[in-house]
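Each chain, letter by letter, is given below.
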Amino acid sequence: MTDSKYFTTTKKGEIFELKAELNSDKKEKKKEAVKKVIASMTVGKDVSALFPDVVNCMQTDNLELKKLVYLYLMNYAKSQPDMAIMAVNTFVKDCEDPNPLIRALAVRTMGCIRVDKITEYLCEPLRKCLKDEDPYVRKTAAVCVAKLHDINAQLVEDQGFLDTLKDLISDSNPMVVANAVAALSEIAESHPSSNLLDLNPQSINKLLTALNECTEWGQIFILDCLANYTPKDDREAQSICERVTPRLSHANSAVVLSAVKVLMKFMEMLSKDLDYYGTLLKKLAPPLVTLLSAEPELQYVALRNINLIVQKRPEILKHEMKVFFVKYNDPIYVKLEKLDIMIRLASQANIAQVLAELKEYATEVDVDFVRKAVRAIGRCAIKVEQSAERCVSTLLDLIQTKVNYVVQEAIVVIKDIFRKYPNKYESVIATLCENLDSLDEPEARAAMIWIVGEYAERIDNADELLESFLEGFHDESTQVQLQLLTGIVKLFLKKPTETQELVQQVLSLATQDSDNPDLRDRGYIYWRLLSTDPVAAKEVVLAEKPLISEETDLIEPTLLDELICYIGTLASVYHKPPSAFVEGGRGVVHKSLPPRTASSESAESPETAPAGAPPGEQPDVIPAQGDLLGDLLNLDLGPPVSSPPLTTSSVQMGAVDLLGGGLDSLMGDEPEGIGGTNFVAPPTAAVPASLGAPIGSGLSDLFDLTSGVGTLSGSYVAPKAVWLPAMKAKGLEISGTFTRQVGSISMDLQLTNKALQVMTDFAIQFNRNSFGLAPAAPLQVHAPLSPNQTVEISLPLSTVGSVMKMEPLNNLQVAVKNNIDVFYFSTLYPLHILFVEDGKMDRQMFLATWKDIPNENEAQFQIRDCPLNAEAATSKLQSSNIFTVAKRNVEGQDMLYQSLKLTNGIWVLAELRVQPGNPSCTDLELSLKCRAPEVSQHVYQAYETILKN
Amino acid sequence: MIGGLFIYNHKGEVLISRVYRDDIGSQAADSAVFSSSGPFLGERLGGSVRRNAVDAFRVNVIHARQQVRSPVTNIARTSFFHVKRSNIWLAAVTKQNVNAAMVFEFLYKMCDVMAAYFGKISEENIKNNFVLIYELLDEILDFGYPQNSETGALKTFITQQGIKSQTKEEQSQITSQVTGQIGWRREGIKYRRNELFLDVLESVNLLMSPQGQVLSAHVSGRVVMKSYLSGMPECKFGMNDKIVIEKQGKGTADETSKSGKQSIAIDDCTFHQCVRLSKFDSERSISFIPPDGEFELMRYRTTKDIILPFRVIPLVREVGRTKLEVKVVIKSNFKPSLLAQKIEVRIPTPLNTSGVQVICMKGKAKYKASENAIVWKIKRMAGMKESQISAEIELLPTNDKKKWARPPISMNFEVPFAPSGLKVRYLKVFEPKLNYSDHDVIKWVRYIGRSGIYETRC
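Sequence order for the protein chains is L and Y.
Residue numbers are given in full-length UniProt numbering: position 618 of the first sequence equals residue 618, and the series is strictly consecutive.
Residue numbers are given in full-length UniProt numbering: position 387 of the second sequence equals residue 387, and the series is strictly consecutive.
Hints were generated in silico from the structure; no laboratory data involved.
Check the hints yourself; a few may be wrong.
Selected chain Y positions facing chain L (in silico; Cβ < 8 Å) [to be verified]: (1) V72; (2) A76; (3) V83; (4) D138; (5) V214; (6) S216; (7) D267; (8) D268.
Simulated DEER-style distance windows between Cβ atoms [as the list claims (entries may be wrong)]: (9) Y/G355 - L/L281: 50 to 60 Å; (10) Y/V68 - L/L281: 27 to 37 Å; (11) L/I525 - Y/T398: 25 to 35 Å; (12) L/A352 - Y/E392: 45 to 55 Å; (13) Y/R311 - L/E544: 49 to 59 Å; (14) Y/I359 - L/A352: 51 to 61 Å; (15) Y/K428 - L/D397: 53 to 63 Å; (16) Y/T398 - L/L470: 45 to 55 Å.
From the three backbone atoms N, C-alpha and C, an ideal C-beta is built for every residue, glycine too.
Just chain L, same shape as in the assembly:
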């Protein structure tokens, strides 16, 4: 058999010749001709002109020929839709063929032809094939539903194929089950809201049974699907884990990785005290190590995933350092990844071995690898304090090799070591200075200049050294120029007498001869500082620097959690969420790890927290997170939200979640507090936000003018307070207050630009909060905010955002973004903005409820120095939606019985005791009853503010 001859025909009249051959009577000749056509198609020639002739060959009992024609059809049908119709009859006929292989072939091919007219004809045969007696046909038909959905999703829904597909999950044949799961998973991805897969304990059980019986590929489909399921409690999670662990011994690495994904995800739900938890941790290590003996490409995928796993659960592989040692013949991409993991696993226990290895690597051939190895030595020094000395001496040895890029890389990392351990290793400076001439990379030059400037007092010829850099100032990169400027200013402040000329020179170079605004500005600042107050200059320039952190390249925690849900997939290889590289709507749904169950939460004690990430390190990771948040804010808030909030909420959820995590860690809060609390009120939309918002903001603008006079038609408005001082927000000052007018809540903001730069692109985002407060419209700052300008904005709020209990209850964490940065602040909102207009209870109801609420929920408060009579109090309170249900006079005291309702439907009942006759006693007594006693304290505060103002 020599099919290669078909590739060689390159004659000019080829198409016409082929046409003749295709129409030949001889079967053999026909087949030969079709083969030639396919060969031409493969090498990229256009043979679409032969369409009718090829389709004519379709009706044949020769299966091989038929397959070839089908292949041709799949390629060209779309370009010749009218002609493609000719083929429909044959397809339909083939779908009825007694041979199951032919039936399957027909339905498989038809699904690949993306021509609407053909698709219409596909429905009937597909319906039959989904119920075919032969499993081979059914498994093919299952995939065909996914194909059809890709062409015409509506059609698939209308024809009820999705239900048939769901039925196939219970099919007796494991391969049919697997393909149905694969098809459903893909379809479900494009409908994130629909509950297509409908995973419940019963269906999970079916999947787990099929898992034992189907092909390796089917096992992957099923495991990937299982990973999307959230077990209802830790017991269910454990039982699934138990049935998935045998897969870890599968020869197919993808099966193993998908099983690891399921286990890593469900482990999140297991208590760490559980014996099983420990067993599972132990079981995970060997298969991960075994993945490293696979082919290099798979090793690469495995290593990228291990990198994530090591960050998430360092305990799994902490004893397996040796397997990550680089082999001489590993492909470079495997080497680089191994190196990364080695550093992550480095600890005091194994540091000696690691260093010996790294030193070895630093002498290899590949420049990237060597650089990374040198950098790794520096990172070890910073990570494991005990090893710092050894690392420094290793680095010095490497500098002695005089290999240019090794020396440069070493100097860059030594700078970091100086930052981490000040005043410890400065003795090596002399050696570093010897290599000044060989530095030609900006980063290394900048590092060296930093060192010279920082330790100018210990380097005798610091001025000469820096001067030597100054000669080619304009040819240097910005990084070096900035560092040189700072370095010389430091030198001047330390040795003012002999370096005056030098500093003059650099300042004039930076301010007069440079076009770079950063450099110029920094130059001017130094100049001004030095000329006005040298002492202040010293304090600023030579200020003590914060220590640098150990891990600088950790993946930000929320992203890490998301990536753990994508183990084995491309996302875990790129270390990016799918939305970053997948076009369109697919895969944009954010996945997150299941929350800890309530029982396990109590077990979370400080010493069981992962050793690699003590809380002290957290803040170092945040800046990167801030950038990410900035991007997200940009993404989600950029376009004006004109559609009703409900439709956008699904998209914004992701951002809110991320923000939540970010703010939590920023504020040092425990993010775990979500699952275990019993106070999660459902967000009830008291006011349709889309309707209330525009009116509300308009009105409040009007009322703003009159609020000083004391109008009764809205609840009490506190004066604006400064929420975010300009100091903390790079010149943006935010002050504000909350108002409630005619049923709509708004946040009145005053933004002042105290910076010297125009501010634009404002956006605002709230963290999840106790009552689901969320902006109902984007922050509209119409014109750029120029320096010293102030704008007043009323931001309508809705209460349909995500809910999370805050501490204190009325805490609101806000992120505001502008073109400069993202800023965070938190503020307390008065609870009365949440009191709704229909908060008046009828008397009977009041009595019954009062009795119904247990006495331990009653809270007593005193409002001191409030000389009001009952009428005045009633009217004051009523304007803030606290309604008096009844009034009683007992022994000269007025008892007011009042009710109010919060936006989330919680009723609060109050008894207010006023003593009008007694001027010496101006205290009011308030007792509150509520089913959610947490709110009482804040309701009391609201009473106090309302009554006293």
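Given chain L, put chain Y in place with the hints provided.
Chain Y alone, transformed into the frame defined by chain L:
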């Protein structure tokens, strides 16, 4: 899922292109080209815009000057997974967040299937069998989802001979096998002589410091089985796995101490898909119905108590700037009655080597300038022996500041035992339907230990 699969030759010409999903080439542009152009214009335009993906890969990977920095390349939001076999590139293309491990496993599987059909994967063989390859791709990948890809099953209905002659029973047998629980074996296999071969193939890996300290050592082993058994035989495989032996030995403490010495601790093992994993997980017993012919039953890894067949003792001395003296001793460390074969020691030399004088006691040694190494070959060597080579390397003076990196001395060999200490204890065969018993099966067991990466730093 996989959007398309392409096979290229080393020049970057496409040999096979099969597109499963439209998203990998802009379809709108595609049809525009076709509708607006006659056949000749179309031909001049190079056919289809699907070629976007094809060309992007050629330009960015195959023709890239740098060596491959990652087996997954993302070009314009399209991901390319690639593996290379001799000088043939296989590339799977996708735009979605696919299971990356699965794609690579599939590409390897694809290579296995092709090799099983037509032998070596070469440009010539691919061109000669392109119709077959298209047929296979149609079968084992549906809409980008891998389907049954066991050659045993595929060969029953993808034959290139046409399948007209099949009866209805045969057809349903094929389909039930392709989709069935035992997709790797067809029914009705008959042999006059029931025979099986077990090969324990191990590769022993070592990284040793110049001082003779073991930096890392592990054995990765495979048990390869060739089965020629009738019917649907149920097999049970036993080896001296420490966990099993200890479990069994619980009753008779005597036996534990005796057999305990010989048992080995297996760090981890993986099995062919025919092995019942849940049974292994619960009872640690390895039971399966084997595919017909050759397959890899299991892979395993051990790190404890490894028998290192050879020890390499290097001595490198730099005599001034232009001369190196190298002395290497190798010692064999196994039973004197056994013979190691194909021994090769590779001693790297600096790039500026100008001449080498070698003296060795045994075998032949040669300086290979093109490989920058002295290669010392010994055909056979018995256990507990020692041999030595010494060499004088003359160097050209250079102004290169960089010191010579001294790559490790590597070694190749083959020994007739398993360095991990693994022993096959039994392989029992049961076939209740046919009348042959375990005793009638002829069984062969062979152990081969080979060097993996066996390096000593100098």
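Okay, the hints, checked on the actual structure:
1. V72: holds (6 Å)
2. A76: violated (10 Å)
3. V83: Status holds, d = 6 Å.
4. D138: holds (6 Å)
5. V214: violated (10 Å)
6. S216: OK, holds: Y/S216 within 8 Å of chain L, min 4 Å.
7. D267: holds (5 Å)
8. D268: Holds, because the Cβ-Cβ distance from Y/D268 to chain L comes to roughly 3 Å (cut-off 8 Å).
9. Y/G355 - L/L281: 50 to 60 Å: holds (57 Å)
10. Y/V68 - L/L281: 27 to 37 Å: holds (35 Å)
11. L/I525 - Y/T398: 25 to 35 Å: Violated, since L/I525 and Y/T398 (Cβ atoms, about 50 Å apart) do not stay within the stated range.
12. L/A352 - Y/E392: 45 to 55 Å: Given about 35 Å between the Cβ atoms, the range is violated.
13. Y/R311 - L/E544: 49 to 59 Å: Check passed, 55 Å falls within 49 to 59 Å.
14. Y/I359 - L/A352: 51 to 61 Å: With a Cβ separation near 38 Å, Y/I359 and L/A352 fall outside 51 to 61 Å, so the hint is violated.
15. Y/K428 - L/D397: 53 to 63 Å: At roughly 59 Å between Cβ atoms, L/D397 and Y/K428 fall inside 53 to 63 Å, so the hint holds.
16. Y/T398 - L/L470: 45 to 55 Å: violated (35 Å)
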